[in-house]
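So the sequence lines, in the order shown, correspond to chains A and B. Under my numbering, residues 1 to 70 are what the first sequence spells out, in order. Under my numbering, residues 1001 to 1462 are what the second sequence spells out, in order.
In case anyone wonders, no lab produced these hints; they're calculated from the structure. Fair warning: this is a prediction, and the values are worked out from it, not measured in the lab. A portion of the hints provided could be inaccurate.
Taking beta-carbon pairs under 7 Å as the criterion, some of the chain A residues facing chain B (in silico) [claimed, not checked]:
1) Met-1
2) Met-38
3) Ala-39
4) Gln-43
5) Ala-45
6) Leu-47
7) Leu-54
8) Asn-67
All C-beta atoms, glycine included, are put in the ideal place defined by N, C-alpha and C.
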Amino acid sequence: MQEITAEMLAGFAAAAGIEVPEEYRDGVLNHLCVAQKMAAKVQAAPLHPEELALAPVFQPWTLPDVNTHE
Amino acid sequence: MSDPGNMLAADIGAAVASRELSALDVVQATLQRIDDRNGELNCYTEVTADRALQRAAAIDARVAAGDAVGPLAGVPFAVKNLFDIAGVTTLAGSKICRDNAPAVQDAVLVRRLEDAGAILLGALAMGEFAYDFTGENEHYGACRNPWDSRRMSGGSSSGSGSATAAGLAPISLGSDTNGSIRVPSSLCGLFGLKPTYGRLPRTGSYPFCDSLDHLGPLARSAGDLALAYDCLQGFDAGDPACAQRPIQAALPSLDHGIAGLRIGVADGYFGCADMPEADWAVKQVCAALDVQRELPLAGADAGRSAAYLITNAEGAELHREHLRTRLEDFDADTRERFLAGALWPAGWYLRAQAVRRWWLEQMLETFREVDLVVAPCTPCTAPLVGTRTLVVRGVEEALRPNLGLFTQPFSAIGLPVVSVPLLSPASGLPIGVQLVAPPWREDLCLRAAKYLQDAGLTIKPS
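Work the whole structure out from these sequences, hints included.
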């Protein structure tokens, strides 16, 4: 991934319809770069390439031989 | 009369039920204690004294009439100010919510504690919109640590940690999205429970990140924690994520010890050899629990990253309109993070949700081999208020996100965790250790916590 730049931030903000005042841009850019690093880590996790099982409303499940009160 | 500030909730409940103490005396003494200490600690943002005194008189009348009172009869408690309290504006630590109308009814968990006889004393400080691990707050000032008021309480359930540790509420309720019950429990020397995701209903609480928000109790003993937890359990349809499961009381097995439990220690990502106080605490707990197995938990780093991204995106989406219309009213420590979360690509969020599922599958495989996992809670004891950085593995990093370095991976996948408090001999300050169990096995975390308390390893309640 290309590192996020100030120009990209301006594009993201325009597309989202959110104004980022100049005094906050360096801070926002810094947080975007942190998020990008986190994104690189989740992209690198070896999930099955043809599965996209999400957990939008998430209830932990279990396995038959894990000790629960079931 | 014993000073209620030094009494455990279970002892107050028993004493009130047997008329050794009156609920009114307990409440009046605790209100006086709040008056004495809240100026220094800044942990209460609202004291509901009139309500508490009326409630105490009603409890005493029921006891006098021979009516049944619950196990928490006369026990004072307080809640993070994201819980609705009838007649009080729910602040969620923010300036923005100050303009909202007062809540019309209590949150479900407030009602449940009162149904058990407990008495609400008020609302507690928190980091803005729960996006915090420090206890600092630009609008309301820093919440202070009772062990040393120059130091952070931890957050975002900062007032919960500070008030309960100071004896200003034997039980408090907090929320934990990434560690916000466990971090203040660690820094303030408390037992804190983050239950399984979906176990306790969030009905009537201000959200942060729906995928990861949990509510739970903090207390000064494992017994009080289990007692409160048992009173809080039960389905409520007001929270779409609340699981329709039976109440599984933890108290009946609390004293069963650790015989038969297979316990491992988290390694790899959780290694803390360069964090001496955290490392000491984990080793103490492992020795007491006779832990023999080291668990690599290879997915933890990706799991933590997933939690970071999901929190950032969902939190920002919740406040999207505020970011457009009231940007200057945010705390400086949350404003730019929320802005960033509103801007980055949706694909990162989707991948994070998929990784979360993958990481839970890994942990479930681990739980085929062990019943409990021991892990550090915070990398350090309470930093001084105003500290901005922390050295993590030789690199100077921002303090704020890294106080949750070890808590985030487990809340990311909804596992139940109890943080147990030890006293570091190096600093004379508390530091916690996490006990992590498979989904729905809060009872195992609590059993091990009680075992460690009985073994004299944890901080003594008084």
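So, going through the hints one by one against the coordinates:
no. : hint   : result
1   : Met-1  : violated (10 Å)
2   : Met-38 : holds (4 Å)
3   : Ala-39 : holds (4 Å)
4   : Gln-43 : holds (6 Å)
5   : Ala-45 : holds (4 Å)
6   : Leu-47 : holds (5 Å)
7   : Leu-54 : holds (4 Å)
8   : Asn-67 : holds (6 Å)
Hint check: a violation occurs at hint 1 only; the rest are consistent with the structure.
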